[in-house]
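Protein chains: 2
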Amino acid sequence: MSDTISPLAVPFPDLPAIAGVTPRIARAGYKDWGRCDLTCVELAQGTAVAGVFTKNVCCSSEVELGRAQVKAGRARALVVNAGNANAFTGRRGRAAVEAIMAQVAAHLGCAASEVFVSSTGVIGVPLPADKARAGVASALAAAPCSWQDAARTISTTDTFPKGATATAIVGERTVTISAIIKGSGMIAPDMATMLGYIFTDAAIAPAFLQQLLSHAADRSFHCITVDSDTSTSDTVLAFATGKAGNARIESFDSPGADAFAAALEAVCLQLAHLVVRDGEGARKFIAIAVTGAVSDDSARRIGLSVANSPLVKTAIAGEDANWGRIVMAVGKAGEPADRDRLAIAFGDTPVARDGEPVAGYDEGPVAAHLRESEIRIAIDIGLGEGRATVWTCDLTHGYIAINADYRS
Amino acid sequence: MSDTISPLAVPFPDLPAIAGVTPRIARAGYKDWGRCDLTCVELAQGTAVAGVFTKNVCCSSEVELGRAQVKAGRARALVVNAGNANAFTGRRGRAAVEAIMAQVAAHLGCAASEVFVSSTGVIGVPLPADKARAGVASALAAAPCSWQDAARTISTTDTFPKGATATAIVGERTVTISAIIKGSGMIAPDMATMLGYIFTDAAIAPAFLQQLLSHAADRSFHCITVDSDTSTSDTVLAFATGKAGNARIESFDSPGADAFAAALEAVCLQLAHLVVRDGEGARKFIAIAVTGAVSDDSARRIGLSVANSPLVKTAIAGEDANWGRIVMAVGKAGEPADRDRLAIAFGDTPVARDGEPVAGYDEGPVAAHLRESEIRIAIDIGLGEGRATVWTCDLTHGYIAINADYRS
Chain A
1 MSDTISPLAV PFPDLPAIAG VTPRIARAGY KDWGRCDLTC VELAQGTAVA
51 GVFTKNVCCS SEVELGRAQV KAGRARALVV NAGNANAFTG RRGRAAVEAI
101 MAQVAAHLGC AASEVFVSST GVIGVPLPAD KARAGVASAL AAAPCSWQDA
151 ARTISTTDTF PKGATATAIV GERTVTISAI IKGSGMIAPD MATMLGYIFT
201 DAAIAPAFLQ QLLSHAADRS FHCITVDSDT STSDTVLAFA TGKAGNARIE
251 SFDSPGADAF AAALEAVCLQ LAHLVVRDGE GARKFIAIAV TGAVSDDSAR
301 RIGLSVANSP LVKTAIAGED ANWGRIVMAV GKAGEPADRD RLAIAFGDTP
351 VARDGEPVAG YDEGPVAAHL RESEIRIAID IGLGEGRATV WTCDLTHGYI
401 AINADYRS
Chain B
1 MSDTISPLAV PFPDLPAIAG VTPRIARAGY KDWGRCDLTC VELAQGTAVA
51 GVFTKNVCCS SEVELGRAQV KAGRARALVV NAGNANAFTG RRGRAAVEAI
101 MAQVAAHLGC AASEVFVSST GVIGVPLPAD KARAGVASAL AAAPCSWQDA
151 ARTISTTDTF PKGATATAIV GERTVTISAI IKGSGMIAPD MATMLGYIFT
201 DAAIAPAFLQ QLLSHAADRS FHCITVDSDT STSDTVLAFA TGKAGNARIE
251 SFDSPGADAF AAALEAVCLQ LAHLVVRDGE GARKFIAIAV TGAVSDDSAR
301 RIGLSVANSP LVKTAIAGED ANWGRIVMAV GKAGEPADRD RLAIAFGDTP
351 VARDGEPVAG YDEGPVAAHL RESEIRIAID IGLGEGRATV WTCDLTHGYI
401 AINADYRS
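Protein chains in written order, with my numbering: chain A, 1 to 408; chain B, 1 to 408.
Hints in this document: simulated from the structure, not taken from any laboratory.
It is possible that part of the hints are untrue.
In this list, chains with the same sequence are indistinguishable; a pair is considered to hold if it fits within one copy or across any two.
Below, simulated SDA-like cross-link-like pairs (lysine to any residue); rule was C-alpha separation at most 25 Å, straight line [what the hints assert, rightly or not]: (1) K31 / D297; (2) K55 / S295; (3) K55 / R301; (4) K131 / F12.
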């Protein structure tokens, strides 16, 4: 955790415990720092699991293994290493992960394939197997810890711990979701890695949990960007212990499935926003709502083109209502758009319509909006019904300072 | 032109005059600055023209018109306005361009469609027709100017004037190419616009000139990136007056066609490199050579993924041999790649091979290379024969200062 806290930070929420989920932490000493860096979460027998992973083809062994493990839908434990991403480390890196899986499986009396491992930190240094072994042993022997402690322990250069919760009424039971995430702070040579873990006491079929998680990820984690760089280790896992006692959710026909899906999506969205709020150097939280595209996917791609544009992000950092840069970013997205139908608004103020500046445009209210810390940009493409909202942060000297001024 | 000159600047070369090409400049006063900002180049009758234009769908009227004009293959004049991009200005913007075309055509006694217009600068403000009219009249009456004056006049926030030249022996004649370009400096709310103009006395069929220019652009202008943002106005035009007296080059079967193609490509590459050397805030010129991809196109896309990665660009700015970020950028390119075959080198020093750090890797020579101002990164994908080189600059505090610290 960094000393300087993001100006967009929010307090850690009061996360309810989840029956069947026991987090513990320990010091493996992956880096020369005086804090816990290994998290081990024990999960009750019968816990269902689903996951979404980075699309980066140079992914870590953890991601490769996790992607295969999640297909069986069962989990008994999660181990998260902070300080070493163990990516691009070849066979030695993979062996280190398999050793952790075997060690935890022996302790819990489960299959190694039920133990999920994530790692985050420096790339290209194999995870030290001895430190991992001692760290895991120490975590397994430790007393349970709080969610906040776990959220701090999975962090690398995050500036604040991040969690989210929601409940849903499923049949006649209340099910609870508690989730933690890390991501978006970084100090060279570490990667900006997003690792998110969602725990619920709901009983739900693994295949349906996967379906809901993938859908929620498309509208949350896949709609945020800090700097357009995709980590080799990004992972979001959802674990469902089934301890709430609800009739198992099998599909959208099951009672309460809609409520659970909405709660899961709300949690994912909150987690995604927390990552943006801790974006490197971020001083402004930016929501870009695209409407009128030819499809929802097209709207998302246009939104991400704007959200990834360094010229748009620096303009917002400079509190400059430079909508010409938004026109440029829409036009370069490679998606259907018609310059002469485009409309753009900052906050509640239209600045351009039908491909021209709005007549009698008054920059006053726009300038006032841009001085706030939460910025809204609305873009109407004028072609169809497709819509999407994406979130990003501004691009500031802080980003350069974090990523360039430090020598590894 | 900016007061602070890029540390990567090079002196303006001694550009030969091209028979049939007469540049002139004038003050239209598009901005409140005390310098010439309108360039008018008169071209001899029978001049062939070819062009490549931005793919940004929100392009300016100048680009829309130019794209149509170039199909006829004939040009008599070029007018370049600096200080106003006239993009996203609707019908009024288009009328301003058409007025310039008509005014020059009347003076030269040619068709309006033979007059090419480009504009660069602020977006969303229609080009003031009265200033344009007076400026064009004044340029048409002016004495011819030097290439360097023309290169300065088409600039906006460039920090140095840019030109390139080459010759080729075609049949028994020497043909000459002289070219100027502007691009990559910017002050909000201006666009980073690349405008390049290539003049030659060669006699060449317009369709073949277009073929050669498109090919050269794919290997030069389309292989550079400063900040991944694509301007609404990017334009490169090639004009061939035919005054060298060579037998007209019709195809690759014509004598000297290969030599001319090579000279044209050399000029395009030099122009493209000059733009990178004037990239906003640039302190290092970076060449990224990708080999072993499944195709040349795939290699170029991988190279651009690396060249556009803010994490890679900030690492180079920090002189940090953070090859993990290169692995990440290769992996996110969406192109075929195999983590376990990847090899990476900085300068002449391999740092990773077969998906792992090189055994006994010594960072000393890499650190020394990174302290230089020209950086070479070699990436071998290990899958095929595809290759491409792309060029970019580092991402520094200077970029943020130029684009965020200024309020429009």
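Q) Any hints this thing doesn't respect? Which numbers, in order? A) Result: hints 1, 4 break, sorted rising.
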